[in-house]
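S.K.: Protein chains in written order, with our numbering: chain U, 1 to 331; chain D, 332 to 722.
Hints in this document: simulated from the structure, not taken from any laboratory.
Cβ-to-Cβ under 7 Å is the rule here; a few derived chain U residues that face chain D:
| no. | residue |
| --- | --- |
| 1 | ALA98 |
| 2 | GLY100 |
| 3 | VAL101 |
| 4 | GLU102 |
| 5 | PHE103 |
| 6 | THR218 |
| 7 | ASP219 |
| 8 | ASN225 |
| 9 | GLU317 |
| 10 | GLU320 |
| 11 | LEU321 |
Estimated spans, in silico, between C-beta atoms of each pair:
| no. | chain 1 | residue 1 | chain 2 | residue 2 | range |
| --- | --- | --- | --- | --- | --- |
| 12 | D | LEU546 | U | HIS314 | 52 to 58 Å |
| 13 | U | ASP328 | D | SER369 | 46 to 52 Å |
| 14 | D | SER468 | U | HIS268 | 41 to 47 Å |
| 15 | U | GLY280 | D | SER369 | 52 to 58 Å |
| 16 | U | ALA206 | D | ASP439 | 48 to 54 Å |
| 17 | D | LEU373 | U | GLN207 | 43 to 49 Å |
A few chain D residues that don't get close to chain U, going by computed Cβ distances all over 12 Å:
| no. | residue |
| --- | --- |
| 18 | LEU354 |
| 19 | GLY423 |
| 20 | PRO438 |
| 21 | ILE442 |
| 22 | ALA460 |
| 23 | VAL485 |
| 24 | PRO495 |
| 25 | SER496 |
| 26 | GLU529 |
| 27 | ARG693 |
| 28 | GLY696 |
| 29 | LEU719 |
C-beta: ideal position from N, C-alpha, C; glycine also.
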Amino acid sequence: MPKFTRKQVLAGAAPIVAAAPFARLSLPGHGDSHLSATHEGHEHARLGHAAMIRDHVPASGGRHDLDELLYPPKALPHKPGRVREYDLVAVDKTIEVAPGVEFNAWTYNGTVPGPVIRATEGDLLRVRFVNGGSHPHTIHFHGIHPSKMDGVFEVVPPGDSFTYEFPARPAGMHLYHCHATPLKKHIHKGLYGAFIVDPKQPRSPAQELVMVMNGYDTDGDGENNFYTVNGRSFYYARYPIEVKRGRTVRIYLANLTEFDPINSFHLHGEFFRYYPTGTGDQFEYTDTVVQAQGQRGIIEIDFNNVGEFMFHAHQSEFAELGWMGFFDVKD
Amino acid sequence: MPGRSWRLWAFVPLVLLTATVALFTATGGSVTGLLGESPPPLDEFDVRRVEFHPGEIRIRVTNPQRDDLTIASVTVDDAIVPYDVDGPTTLGRLRSAEIVVQYDWVPDEPISVGVTSSSGIETRKDIAAAVRTPEASAKSFFGYALIGALVGIVPIAFGLLWLPSLRRAAPEWLAAFMALTAGLLSFLAVEALSEALELQAALPSALGGAGLVLLGVSLSFLFLTAVSRRLGEGAGGGSSVGGLALATLVAIGIGLHNLGEGLAIGSSFALGELALGTFFIVGFMIHNVTEGLGIASPLAEGRAVRWQRLAALALVAGAPAILGAWLGGFVTSDLLGVVFFAAAAGAAFEVVVEVGRYVARRAPGGLASPHVLGGFLAGVVVMYVTGLLVA
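Construct the entire structure; sequences and hints are all you get.
M.R.: If you want it as structure tokens, here you go:
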């Protein structure tokens with residue numbers, strides 16, 4: 001009969017004994033993280049990003065990085081036949097869309113969205129396009145122009161160039177984007193921008209801003225991971241746009257968001273006039289407008305009060321993924 | 332070869348290998364460059380554990396790939412959230428970090444967390460129901476211990492009470508019950524093995540996947556073989572163990588399996604995937620009472636055994652369920668699960684071998700007798716049917 005010695009019991013219980021050190025892991029105190037956030041940071045954190053403004057907001061870059069995209073060039077008076085020249089170069093560039101998040105973009109002139117193109121009705125618009133990217137590209141303008149200047153048939157291979165030339169019409173707020181195939185990819189990788197055509201009769205003086213709504217699908221699953229206006233998520237929450245009360249704020253708003261059927265613009269604490277496509281006098285007096293991809297319009301705001309007013313997509317998911325900002329209205 | 336030099340020759344392959352490896356790491360890019368560009372790293376996080384505490388969600392992530400992986404953004408339910416990391420946000424190979432998010436999660440509702448790398452790749456983890464992760468408190472320690480005891484020790488102790496009946500059974504029936512033990516253990520072994528293989532599929536491949544399972548199985552199999560050899564030596568010869576020694580082996584095998592069971596129960600509850608209703612615990616009790624029978628069968632022949640020894644056997648077989656529940660509830664990761672289930676499978680297989688040898692030696696009619704075959708089958712069937720109660 002075998003002896004049931006202590007040694008044998010221990011041998012049999014060895015796995016249980018060996019697991020004892022793990023028990024320590026479950027005691028409180030182990031695994032406490034060395035959190036660097038201050039108490040204040042925690043307070044801000046509890047509110048989530050929906051109410052965060054300025055310093056704690058995760059947005060990349062400095063205060064004036066996107067000024068060229070936000071503030072359009074000045075409108076010029078009507079002068080039929082004047083030539084407006086622009087140089088656009090398609091460039092493959094890795095951009096930072098959120099702090100620490102990189103996106104391999106295809107850009108016009110190194111930015112997503114591309115530069116604001118502006119002309120007055122009757123101007124001859126001449127856009128010299130050079131394809132410095134690795135894929136064939138074009139520029140398709142929304143407007144009225146000859147079919148061979150449309151950016152559909154004359155695809156520009158890498159290294160080549162093409163000059164688009166046509167009279168700028170009709171007056172209104174438009175946009176441009178690449179129309180090479182696959183269309184979805186060429187748009188969502190960043191080849192788009194705002195195209196403003198001023199009417200013969202100048203619009204009333206206003207503080208003018210351009211906002212292009214977009215999104216980034218950084219992991220290629222067909223859904224946007226980040227939503228922004230003018231290219232960086234949460235940017236205008238970190239750096240609120242300063243405007244003056246008493247002068248109309250005019251926003252040229254366009255939607256180039258891929259994958260989602262619609263996007264929207266909602267303003268807090270104020271109502272505005274919305275002119276669809278900016279082509280007429282009819283406006284809607286509201287605080288929320290919806291745009292499908294490719295739609296655009298002009299918003300005019302006369303702020304009644306000073307202070308910080310949030311603006312964001314009313315699709316809450318887009319807002320919480322980066323498409324939100326603040327106006328800082330001052331006297 | 333003269334005395335010393337053959338020893339030095341043994342180093343030559345190692346030296347050559349080291350030299351070649353050094354040379355290749357210095358210049359290897361030109362060799363692989365001939366083949367073309369390699370794809371970028373997958374940049375997926377291994378989300379090991381998500382814990383829910385009042386006002387807070389804690390996410391434990393690991394970098395499973397060769398290249399560095401940087402945490403750039405964290406989302407909860409498709410919203411970017413502020414977060415803290417207990418260390419640098421760039422993780423080296425196989426390094427972990429704990430992400431803490433201040434968040435008012437809603438109990439019992441589904442929730443998803445996402446961790447986005449610097450290359451924009453988002454790894455999501457969907458949680459079926461957000462349940463408060465039990466803190467390591469005296470109350471939860473006791474709770475898991477009680478469940479482990481109810482599910483592990485109690486049914487086995489009841490099963491051991493069949494010993495007096497077994498002692499009065501005819502040798503053929505005894506052989507049948509031994510075969511039942513073997514059938515039962517085979518069932519447990521296969522169950523544990525399939526659980527281990529299922530879990531390893533979810534692990535990052537850097538941890539060895541199926542190889543890890545084989546490692547766990549081999550380790551426990553060989554360990555128990557060594558234990559059985561030791562126990563057999565005391566019996567004074569014979570190539571197989573019997574009686575108390577065999578019962579001990581069976582108890583160890585079942586104990587390791589119950590460790591895995593406890594782990595599964597504990598982690599399922601902690602992750603909100605399991606409603607620990609009375610039905611579930613009752614089902615487990617019924618399922619495990621046959622394990623007590625399995626331990627008692629080898630004791631039916633031979634000398635009487637003191638009840639203290641029986642109690643010890645019940646503890647060896649049942650107590651690991653408590654330990655497993657503690658580990659699963661407070662610590663678990665899929666990696667631990669794979670290791671424990673693989674070990675349980677290996678142990679159970681080894682004990683089946685031992686029981687088989689015992690039956691071959693002692694059963695009237697040998698291994699192929701109808702009692703043995705029927706007993707084995709009965710063991711499998713009983714485990715299957717009672718297992719349905721907890722499915």
